[in-house]
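2 protein chains.
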Amino acid sequence: MISVKEAKKIILNSTQNFGVEEIPFIKSVGRILKEDILADRDFPPFNRVSMDGIAIDFTSFKNGQRSFKIEGIQPAGSEQISLNNPENCIEVMTGAVLPNNTNSVIRYEDITIKNGVATINIDEIKDAQNIHSKGKDGKFGDLLIKQNTKISASEIGVLATVGKSFVKVAKQPKVMIVSTGDELVGVDEIPLEHQIRRSNVFTLVSLLERLHIPSETAHITDDKPILKQKIERYLQEYDVLLFSGAVSKGKFDFLPEVFNELGVEKLFHKIAQRPGKPFWFGSTASLSISEQDVYQNEKGNSKKNTIVFGFPGNPISTFVNCLAYFYPWYYKSVGVEVEEETAILSEDFVFKPSLTYFLQVKLSYKFGHLVATPITGNGSGDLASLVNADAFIQLPNDKNEFKSGEVFPIIRYR
Amino acid sequence: MISVKEAKKIILNSTQNFGVEEIPFIKSVGRILKEDILADRDFPPFNRVSMDGIAIDFTSFKNGQRSFKIEGIQPAGSEQISLNNPENCIEVMTGAVLPNNTNSVIRYEDITIKNGVATINIDEIKDAQNIHSKGKDGKFGDLLIKQNTKISASEIGVLATVGKSFVKVAKQPKVMIVSTGDELVGVDEIPLEHQIRRSNVFTLVSLLERLHIPSETAHITDDKPILKQKIERYLQEYDVLLFSGAVSKGKFDFLPEVFNELGVEKLFHKIAQRPGKPFWFGSTASLSISEQDVYQNEKGNSKKNTIVFGFPGNPISTFVNCLAYFYPWYYKSVGVEVEEETAILSEDFVFKPSLTYFLQVKLSYKFGHLVATPITGNGSGDLASLVNADAFIQLPNDKNEFKSGEVFPIIRYR
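Chain order of the listed sequences is A and B. Be aware that the first sequence starts at 101, since it is given in my numbering, and climbs by one per residue. Be aware that the second sequence starts at 101, since it is given in my numbering, and climbs by one per residue.
No lab work stands behind these hints: they were computed from the structure. Careful, some of the hints might be misleading.
Identical chains blur together in the list; that is why a pair holds if it fits in one copy or across any two.
With a straight-line Cα cutoff of 16 angstroms, these simulated EDC-like cross-link-like pairs (lysine to aspartate or glutamate) come out [unchecked claim]:
{"#": "1", "residue 1": "377", "residue 2": "106"}
{"#": "2", "residue 1": "268", "residue 2": "121"}
{"#": "3", "residue 1": "466", "residue 2": "140"}
{"#": "4", "residue 1": "169", "residue 2": "447"}
{"#": "5", "residue 1": "109", "residue 2": "361"}
Predicted, not measured: the structure shown is a model, and the values here were computed from it.
Whole structure, please, built from the sequences with the hints as guidance.
Listed below in structure tokens is the structure:
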């Protein structure tokens with residue numbers, strides 16, 4: 101049994117590069133950018149009018165002139181025109197190019213227009229006012245979005261602006277999620293008294309969807325030869341296998357043996373934590389090069405091995421382990437750094453065993469503080485208690501008493 | 101010009117019910133649940149073994165017996181068997197039904213098995229230990245998930261468990277997003293010097309995708325008759341229209357007139373805020389009943405009117421107004437309460453105008469505190485600055501100096 105810290109270290113040493121693909125920018129939200137986005141021109145690309153009104157030659161105003169004959173109009177989207185007479189003005193619209201020979205914009209709010217003449221009603225105006233000057237936000241070639249950024253709505257506007265209709269992003273791993281356990285029936289079946297419905301695979305599908313990773317699912321009966329045959333195929337076809345169940349000490353917990361027989365190297369089995377202790381983690385990295393080559397060809401990409409996450413079958417165990425281990429593994433694999441979030445415990449809590457405890461908490465915001473209130477469930481089988489919480493707070497194994505006001509890392513799931 | 105508070109009040113008084121639809125549960129993440137989810141049986145549905153090991157009659161242990169002949173095995177997913185001789189035991193697996201005539205489970209870790217006899221190696225065991233008793237997490241009929249919950253991965257497991265293969269969720273509004281502005285060209289076009297690429301509609305599409313709202317987009321040239329003709333049709337076909345641009349004082353800012361001529365009632369125009377001041381908001385609710393009926397039939401649903409959000413064309417104005425006004429409008433429409441988040445300003449900040457200021461900030465977590473560091477952009481046209489921040493902090497209009505350590509509401513966008 102290893103510590104949470106050691107487990108995380110081993111997992112972060114098993115990350116993989118799944119390569120890069122180019123996708124339409126509008127589909128890229130949530131994906132990880134794999135190129136630097138540079139300004140394709142200055143921003144703004146021209147001296148841009150930033151208020152509706154008139155553009156003048158500031159010198160005329162400085163010389164005391166207040167009334168300006170309207171010589172023309174410069175709408176947004178039109179080619180730049182010129183002010184011919186410095187004692188006249190041009191009506192200008194937000195987003196338009198500033199007309200040639202003008203250098204200050206006065207808003208409609210501050211002028212009166214009568215008989216084609218605009219009169220300025222304020223005493224003070226500044227040179228270059230209401231002009232968003234060429235290149236002020238960025239110069240041609242400036243770095244606008246760094247590689248490895250997780251794309252959000254705010255990046256979408258920049259990608260559109262610089263004309264990146266297709267964008268390079270990290271390719272997602274090919275994932276198979278497998279449930280085991282002969283007590284499981286389908287969601288639309290009526291379980292017999294000793295049966296329950298499958299649920300963990302769907303939870304895992306949803307947790308991966310949060311990362312924009314598509315996945316497939318399968319259920320395998322607790323029969324060793326069948327497990328072995330199917331998993332052998334999955335190891336060839338997928339980058340990552342996620343299992344739920346069959347990794348503990350039960351007579352039908354065949355997975356560790358099957359993995360071993362198929363050449364998946366065990367990197368650890370069991371972490372000193374609750375819930376989720378019997379987690380099995382391994383990789384096919386130690387298979388001989390020729391075996392890897394076979395896999396490589398059949399997968400049709402450059403992946404060198406398959407990573408196996410064998411989560412325990414209890415619903416909360418699977419849930420917390422996916423968040424605490426698969427998520428960081430994925431983020432490091434695609435090159436994203438994630439800041440650790442912390443919260444303040446709202447009440448005293450006691451946990452005696454010498455295990456790291458992932459305690460379910462409800463989060464609330466109080467005066468800029470993130471407060472975590474424990475939600476007491478009935479152990480790792482109590483799926484319904486997840487609904488009442490928003491996060492897990494990670495209580496370290498080196499003490500038993502956790503006081504109200506103390507700060508610990510959290511893993512948020514909504 | 102009205103205050104942010106008044107604007108929000110008007111918008112929240114214009115919410116709508118878009119009805120309910122039934123969708124596959126696995127597609128329901130991010131949607132708003134529109135039925136209470138009840139336990140279809142007790143949870144667990146039987147006295148469930150929670151550790152791999154042996155099940156015994158506790159009385160025998162209490163009477164001093166330590167070695168138990170293994171009489172049978174109870175795997176998960178099998179019908180309940182019975183212990184025939186109270187001095188024997190049954191091997192049991194996690195997830196199995198507790199065998200009849202047994203009432204305590206001892207883990208494999210605490211026993212030795214030899215020649216078909218299990219010997220207990222510990223001195224203390226408890227009655228009913230390692231049993232997750234029937235109904236402990238919930239009773240048949242218990243409320244597991246409340247109506248109006250935003251469905252996340254944690255709800256998916258519960259939906260699967262109770263057999264909700266289809267689930268009732270709030271129907272999404274039918275949304276059209278329209279850009280205007282003759283300076284705009286397509287993302288895959290090369291703009292002329294006085295042109296820029298369309299970006300706001302794509303940003304809005306992405307911001308709505310975060311709410312799992314699909315949308316359509318269109319671009320209309322700055323030509324009043326064309327605008328009027330197209331918008332008339334959109335008013336008939338959509339529940340919500342989002343515009344970007346053409347709501348300010350420019351000569352080609354035709355939208356307010358067009359809305360007026362089409363019978364869209366202006367509920368406000370301009371909010372005392374920066375950025376995003378010229379925001380126009382209205383609704384067709386005041387159209388006569390017969391006109392509404394026409395719309396109702398053509399939309400083919402029970403919507404009574406169309407809501408029009410006319411956002412200003414500057415990128416940050418559109419962005420912040422969508423988050424500050426469309427989001428709360430949507431959440432209230434579908435019945436979700438959202439907790440206000442707050443953060444602590446990390447440095448002094450001065451803003452003189454008597455306007456509510458939505459300041460871009462970078463968030464960080466320090467000892468359970470959420471800290472907001474101002475990101476200085478170059479005004480509402482500076483799209484690139486959105487990339488460097490994660491949120492807006494809302495600074496009230498009744499003061500000019502904001503001190504490091506003060507707490508204000510934030511709107512997070514990643």
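Comparing the hints with the structure gives:
Proximity of residue 377 to residue 106 under the C-alpha cut-off of 16 angstroms is restricted to the intra-copy arrangement: shortest distance 13 angstroms within a copy versus 53 angstroms between copies. When the C-alpha separation of residue 268 and residue 121 is checked against a cutoff of 16 angstroms, the pair qualifies only within one copy, where the shortest distance is 6 angstroms, while the shortest distance between copies is 36 angstroms. Taking CA atoms no more than 16 angstroms apart as the test, residue 466 paired with residue 140 passes in neither setting, with 44 angstroms inside one copy and 37 angstroms between copies. In this assembly of identical chains, residue 169 and residue 447 lie within 16 angstroms of each other by CA distance neither inside one copy nor across copies; the values are 72 angstroms within and 47 angstroms between.
Taking the shortest Cα distances, residue 109 and residue 361 never come within 16 angstroms of each other, neither inside one copy (25 angstroms) nor across copies (65 angstroms).
Hint violations for this structure: numbers 3, 4 and 5, all remaining hints satisfied.
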